[in-house]
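**Student:** Given next are the chains, with one letter for each unit.
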Amino acid sequence: MKNHTIAFAVMAAIAAGCATAPTEDELAAKAHDVLKRSFEPRGQAGLDRLDQDSLQRMCSKYSGGNALPADVAERLQKEQMALIKYPASGKLIGDWKRGEKIAQSGRGGQFSDDPKKPSGANCYACHQLTKQEISYGTIGPSLYNFAKLRGYGPDIQKYAWNKVYNSHAYVACSSMPRFGYKGILTEEQMQDLVALLMDPASPVNH
Amino acid sequence: MKHTWERAARVALAAVLTAGASASAQDRSAVEEIEKYRAALGDGNPAELWEARGEALWKEKAGPRNASLEKCDLGLGPGVVRGAYAQLPRYFADTDMVQDLESRLVTCRVTLQGLTPEEARKNPFGSTGKKVVNDALVAFITSESRDVKMNVSTAHPKEQAAYELGREIFFYRGGPYDFACATCHGVDNVRIRLQDLPNLTRQNDAQRAYTTWPAYRVSQGEVRTFQWRLEDCFRQQRFPHLKFTSEASIALTMFLAKNANGAPFNAPAIKR
Numbered sequence: 001m002k003n004h005t006i007a008f009a010v011m012a013a014i015a016a017g018c019a020t021a022p023t024e025d026e027l028a029a030k031a032h033d034v035l036k037r038s039f040e041p042r043g044q045a046g047l048d049r050l051d052q053d054s055l056q057r058m059c060s061k062y063s064g065g066n067a068l069p070a071d072v073a074e075r076l077q078k079e080q081m082a083l084i085k086y087p088a089s090g091k092l093i094g095d096w097k098r099g100e101k102i103a104q105s106g107r108g109g110q111f112s113d114d115p116k117k118p119s120g121a122n123c124y125a126c127h128q129l130t131k132q133e134i135s136y137g138t139i140g141p142s143l144y145n146f147a148k149l150r151g152y153g154p155d156i157q158k159y160a161w162n163k164v165y166n167s168h169a170y171v172a173c174s175s176m177p178r179f180g181y182k183g184i185l186t187e188e189q190m191q192d193l194v195a196l197l198m199d200p201a202s203p204v205n206h
Numbered sequence: 001m002k003h004t005w006e007r008a009a010r011v012a013l014a015a016v017l018t019a020g021a022s023a024s025a026q027d028r029s030a031v032e033e034i035e036k037y038r039a040a041l042g043d044g045n046p047a048e049l050w051e052a053r054g055e056a057l058w059k060e061k062a063g064p065r066n067a068s069l070e071k072c073d074l075g076l077g078p079g080v081v082r083g084a085y086a087q088l089p090r091y092f093a094d095t096d097m098v099q100d101l102e103s104r105l106v107t108c109r110v111t112l113q114g115l116t117p118e119e120a121r122k123n124p125f126g127s128t129g130k131k132v133v134n135d136a137l138v139a140f141i142t143s144e145s146r147d148v149k150m151n152v153s154t155a156h157p158k159e160q161a162a163y164e165l166g167r168e169i170f171f172y173r174g175g176p177y178d179f180a181c182a183t184c185h186g187v188d189n190v191r192i193r194l195q196d197l198p199n200l201t202r203q204n205d206a207q208r209a210y211t212t213w214p215a216y217r218v219s220q221g222e223v224r225t226f227q228w229r230l231e232d233c234f235r236q237q238r239f240p241h242l243k244f245t246s247e248a249s250i251a252l253t254m255f256l257a258k259n260a261n262g263a264p265f266n267a268p269a270i271k272r
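Protein chains in written order, with my numbering: chain G, 1 to 206; chain D, 1 to 272.
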């Protein structure tokens, strides 16, 4: 019986053509094909969402115990930095009060969300921001006292803008969404969020 | 008596939800309320209503062939239910496929009862006022693996391939938010707002999560299956809609079930 089972397994392996394990690239291509067959479009979420861009591809490849090599990380950061755009006015700061509301809202992007309504940023899902809000997640670091600790100057302002626009410009394969590059948030919403982080009057900084 | 549990749960939850704190503070106190409720119930769980209905459906003659499902082979031989779920997903020679419980039930409802595959796949998840066959059958069959150790095999090459594919999908980043399962379930001890996230790449977290689905969700008044859990997490991932019993969902289930090996199965459970 046992021999029979082994013989069967060997035969099946030969039949399946997998004498050698598939390479990571073959597996990724297969995952893509299977995902395309396994989903259906719904609401705003079409099947094109399953197609990976080069960053998503590299960050999937280097995950699950397969460490991201330093030279690849450096290249990805450069590429992502080059994608960042700035408001024509040059103004990076808006209204922190509006920013706080945007940071609280978790809506947007799901097939159950109305695409005509503006998206929230859901910063609180992953970050502590203020002392008042105790319901915050811990996937990202605490941002409480962000500017108080780093300074209120134009370089930190720009860093905050860049981070919200495209977090991978500094940390390749960050878990944080690319709110600007992916068009999740409008320019004005991002100005308001930078204000939330940077304004000395914002509850983030006291 | 069983109906009283369900009502008590809803009342307790409604009280929490109208308390007027911020959305996720409500979640946290809801969790605490449910813990209290669960402690008060002892061993009771409204999921027993689904289990009983599922057992009746398993034995009831139905479909164009007017046959029951009692000859359905869930992997341990025709009609053997006890312990079957703890070894699923697995390879089935008759379909030449790796199947999880729900795709296997579709096969049985087609071959034994004469339904079309479309009919057998219709309405997988119940809702208020709408009872469905699938979640009841799943509640019954999973309950018959309670206290059985998870023992999923990857000895067959197709099982191994499904496991590897499931793993690949778990780490697959995509969509407008660049999320993968691993974004939310690949790190230890983190939470979204106040909801703790299991690190499903770790054996003990994977075991605790997998062995407690399906679950009666007090907030929804429904028994939710593992396929429902996957579908809802893919929605949060901003992916399109996961098709019921699709290849991707079977592969992911294979990955997570195998990672739970060794732990006693303990569901249908009860959750917030």
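These aren't lab readings, by the way, just hints derived from the structure by calculation.
A quick note: this is a predicted structure, and the numbers were derived from the prediction, not measured.
Wrong hints could be hidden among the right ones.
Here are some of the chain G residues that sit facing chain D, going by a computed Cβ distance under 8 Å [said to hold, decoys possible]:
#, residue
1, Q52
2, G64
3, L68
4, K131
5, S135
6, I184
Quick reminder that beta carbons are idealized off the backbone N, C-alpha and C, glycines included.
**Student:** Decide, hint by hint, whether the structure agrees.
**Tutor:** Verification of the hints:
1. With its C-beta approaching chain D no nearer than about 5 Å, G:Q52 sits inside the 8 Å limit, and its interface hint holds.
2. Taking 8 Å as the C-beta contact cut-off toward chain D, the hint placing G:G64 at the interface holds, the least distance being around 5 Å.
3. Of the supplied interface hints, the one on G:L68 is violated, with its beta-carbon coming no nearer than about 13 Å to a beta-carbon of chain D, more than 8 Å.
4. Checking G:K131 against chain D: minimum C-beta separation of about 14 Å lies over 8 Å; hint violated.
5. Against a cut-off of 8 Å between C-beta atoms, the interface hint on G:S135 holds, since the closest Cβ of chain D lies about 4 Å away.
6. For G:I184, the interface hint holds, since its Cβ comes within 8 Å of a Cβ in chain D; the closest pair sits about 6 Å apart.
Going through the hint list in order, the structure does not satisfy hints 3, 4.
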